[in-house]
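Colleague: Top line first, the protein sequences correspond to chains A and B. The C-terminal position of the first sequence is numbered 227 in numbering that gives the first Met the number 0, with every residue numbered one higher than the one before it. The C-terminal position of the second sequence is numbered 598 in numbering that gives the first Met the number 0, with every residue numbered one higher than the one before it.
Please keep in mind that the hints were generated in silico from the structure rather than gathered at the bench. Please note: incorrect hints may appear among the correct ones.
Label-pair distances were calculated between CB atoms; the ranges are [said to hold, decoys possible]:
1. B:501 / A:4: 52 to 58 Å
2. A:111 / B:499: 39 to 45 Å
3. A:169 / B:335: 50 to 56 Å
4. A:137 / B:491: 52 to 58 Å
5. B:211 / A:185: 38 to 44 Å
Just so it is clear, the structure is predicted and the values come from calculations on it, not from any experiment. Here a beta-carbon is modelled for each residue, glycine too, at the ideal position from N, C-alpha and C.
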Amino acid sequence: MRSRGTTVLILGIGNLLWADEGFGVRAVEELHRAYEFDDDVRVMDGGTQGIYLVQHVREADILIVFDAVDYGLPPGTLKRVEGDEVPKFMGAKKISLHQTGFQEVLAMAEMMGDYPKHLLLIGVQPVELEDYGGSLRPEVRAQITPSIEMALEFLAEHGVEARPRTEPLGEDDTIASLEMTLGRYEAGRPDERNAFRHGDARVLASEEWRGPEDFEAEIERLVKTRAT
Amino acid sequence: MATMQTPNGFNLDTSGQRVVVDPVTRIEGHMRCEVNVDENNIIRNAVSTGTMWRGLEVILKGRDPRDAWAFTQRICGVCTGTHALTSVRAVEDALGIDIPENANSIRNIMQLSLQIHDHLVHFYHLHALDWVNPVNALKADPKATSELQQTVSPSHPKSSPGYFRDIQSRLKKFVESGQLGPFKNGYWTNPAYLLPPEADLMAVTHYLEALDFQKEIMTTRTIFGGKDIHPNWLVGGVPCAINIDGELAAGAPVNMDRLNYVKGVIDRTLEFVKNVYIPDILAIGGLYKGWLYGGGLSSTSVLAYGDIPDRANDYSPGNLMMPRGAIINGKLEEVHEVDLRDPEQIQEFVPHSWYAYPDEKKGLHPWDGITEPNYVLGANAKGTSTNIIELDEAAKYSWIKAPRWRGHAMEVGPLARYIVGYAQGHEYFTDQINRTLRTLDVPVDALFSTLGRTAARALEAEWAADMQVYFFDKLIANIKAGDTATANVEKFDPQTWPTEVKGVGFTEAPRGALAHWIRIKDTKIDNYQCVVPTTWNGSPRDNEGNIGAFEASLMNTKMERPEEPVEILRTLHSFDPCLACSTHVMGPDGQEMAEIKVR
Chain A
0 MRSRGTTVLI LGIGNLLWAD EGFGVRAVEE LHRAYEFDDD VRVMDGGTQG IYLVQHVREA
60 DILIVFDAVD YGLPPGTLKR VEGDEVPKFM GAKKISLHQT GFQEVLAMAE MMGDYPKHLL
120 LIGVQPVELE DYGGSLRPEV RAQITPSIEM ALEFLAEHGV EARPRTEPLG EDDTIASLEM
180 TLGRYEAGRP DERNAFRHGD ARVLASEEWR GPEDFEAEIE RLVKTRAT
Chain B
0 MATMQTPNGF NLDTSGQRVV VDPVTRIEGH MRCEVNVDEN NIIRNAVSTG TMWRGLEVIL
60 KGRDPRDAWA FTQRICGVCT GTHALTSVRA VEDALGIDIP ENANSIRNIM QLSLQIHDHL
120 VHFYHLHALD WVNPVNALKA DPKATSELQQ TVSPSHPKSS PGYFRDIQSR LKKFVESGQL
180 GPFKNGYWTN PAYLLPPEAD LMAVTHYLEA LDFQKEIMTT RTIFGGKDIH PNWLVGGVPC
240 AINIDGELAA GAPVNMDRLN YVKGVIDRTL EFVKNVYIPD ILAIGGLYKG WLYGGGLSST
300 SVLAYGDIPD RANDYSPGNL MMPRGAIING KLEEVHEVDL RDPEQIQEFV PHSWYAYPDE
360 KKGLHPWDGI TEPNYVLGAN AKGTSTNIIE LDEAAKYSWI KAPRWRGHAM EVGPLARYIV
420 GYAQGHEYFT DQINRTLRTL DVPVDALFST LGRTAARALE AEWAADMQVY FFDKLIANIK
480 AGDTATANVE KFDPQTWPTE VKGVGFTEAP RGALAHWIRI KDTKIDNYQC VVPTTWNGSP
540 RDNEGNIGAF EASLMNTKME RPEEPVEILR TLHSFDPCLA CSTHVMGPDG QEMAEIKVR
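Go ahead and model the full structure; you've got the sequences and the hints to work with.
Modeller: Okay, structure coming up:
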């Protein structure tokens, strides 16, 4: 069992306005609708906030982050990275799309001497990001439930209880944005004729950066380099 | 073209070597900058480019105007509340909705809280490292640092030699672990860093203190906005009810306990700004006062929309506690009235922006704005459209439009607000400015500089902290007089709306004048245009060839080492640029280090 006074933060990060970038926020929204927790477990929509998140990370003994992560894996793949691997890998290659932001948040927490004891990153490889105003792609949306299970398993390992709600909360009971619930967000989208949906052509077509070919080997190499 | 003079008075010379900084680091969003330096490493041409497509405008079409604030709040990670406030004001203006006095006071407290929060985080966590060298801080003598601290801020309690020794060893551990964390990617051996080790250690210590303190500032917005970390906003007022004697419970109305908590935060904020932020600015400013580059447009063309209405629903200049006005041609004795509705005043141009207009010789007022992307590189650009080596500024070269006030490129932001206030005889601002100039022993002209911009931001945080006290007292007095209204829902129902209306909402965001223009047709958003502060400051050239504020500010700056653009970063950071209208990061690899190319 976890010791008394252990606090848990379950954080979804990402930008709801850029298709699969919204994964983290959508996942924690869903988690909150389906489960309830004790008061010392916080489920939070972190959006694209950077330094403003530092205090919440500092207060957490156990931190779970949901995010869209570029692992260089097939689109829609769900992947967990745990403990020290999270920031280390983040520091070497851009895996999280908020890498600069969130890696720095972690570094700042560490500098303040309040680094989370247990850290889990649950990431999904995005299918589409360059669709401004768009929503999650089916492959990514399908990973919400498995990603929640991943988090629950981790919580259980650390003695944190998640109680399924007898009746899941309705769509409007969101911890994120009531005005931007998935239903409202998708139904209200202007059509393509009226609204240019794409990103910067320079980026869209860029061939310069690819995720690592062999993710596991890359991780291993980094962790080893680090240890010596 | 090797040399030319711009209509706004800058001599551009493109003959020297080109330095490319991409991306400009420690800012929100993504930006690229190219300069030409002469044989003495003095910047003779500057090109600033927003490399991120943004167009919030187009995803709002057809949506419910009452929800627009929530979308605008998600544009980026720092201006959240300011965008939300601007958006609800635009809708209220369009529909003629008056808000209660309490809502006005609460919005002002939230907006001021955000200003202070943003200014603090900007200075300590994004900008300080342009002046402060954390690696050099390792050489400091803790005892001498303690003496320095007690000299610059006698009332600050954290000043013992032991305290600084502690921080220094923490820092040392960090550096020795090879993991500089937020301090990596610095040019720590560059001679542009002038502080003695003790000042560096003091500043790094305050970096940590500010990081710790900023968590408190947020709570004000959480209490009134009901939600951490994306507060709620409401067309017609604020979403929190007030019941002074109510019980403390989740979702319950704001009661006296919570108000007292807010008061505590306000008092501690004022203390932090006065004991730490202001003294640091004076101490660091004093050691850099010989470095007065970066003035750019500030001495000639500045613009402020104004903000913080004293009484609710009156947005006329006389009622705005943060000043409003435009100064052009350097004539401080003549402050022009600014009208956001006048189609002749604010116009956006696109001949050098990646957008298409039917007639690009003309600018468009935001109510008639068009956001139609058109990404093409100029004939003289080097590289390919997906890998630009060098931009051609004679053609289209930025995702930022070029807004102009009566044809003039303008600087916006804390310094612009302070110059407008100073020119209008704003008493509080004038006293602060005079005090600062006296302490640093510099002439008024010193204001028009990178350092002036950085100092104005600190002075503004002090003013905002005092204003929070004013509006808190006003709120309490009004509640005690029996008025607990916080929202006017009379026109919340779309059935009460006219078929076609338009409105404009404005604020002063931490980084400058911000406005949203909205057209509502058949209860839905028909057109939505945001002109954000960084659009003003980071604007590319216009149809006349006027350069924008970022570009102007870099002109004639001497670089110590062109391959280490400390000076460029220093000046660009002083604007607190925010180009993050989304978060997609586009660096070709995961390195945060900016790519610097000297050609």
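Colleague: Now tell me, hint by hint, if it's right for this structure.
Modeller: Here's how the hints hold up against the structure:
Between residue 501 (chain B) and residue 4 (chain A) the C-beta distance comes to about 55 Å, which sits within the given range of 52 to 58 Å. In this structure the supplied range 39 to 45 Å is violated for residue 111 (chain A) paired with residue 499 (chain B), their Cβ-Cβ distance being about 53 Å. Take residue 169 (chain A) and residue 335 (chain B): their Cβ atoms lie about 53 Å apart, and the range 50 to 56 Å holds. The hinted window of 52 to 58 Å between residue 137 (chain A) and residue 491 (chain B) is violated, with their beta carbons roughly 36 Å apart.
Checking the proposed 38 to 44 Å range against residue 211 (chain B) and residue 185 (chain A) shows it holds: the Cβ atoms sit about 41 Å from each other.
Violated hints, in rising order: 2 and 4; the structure is consistent with all others.
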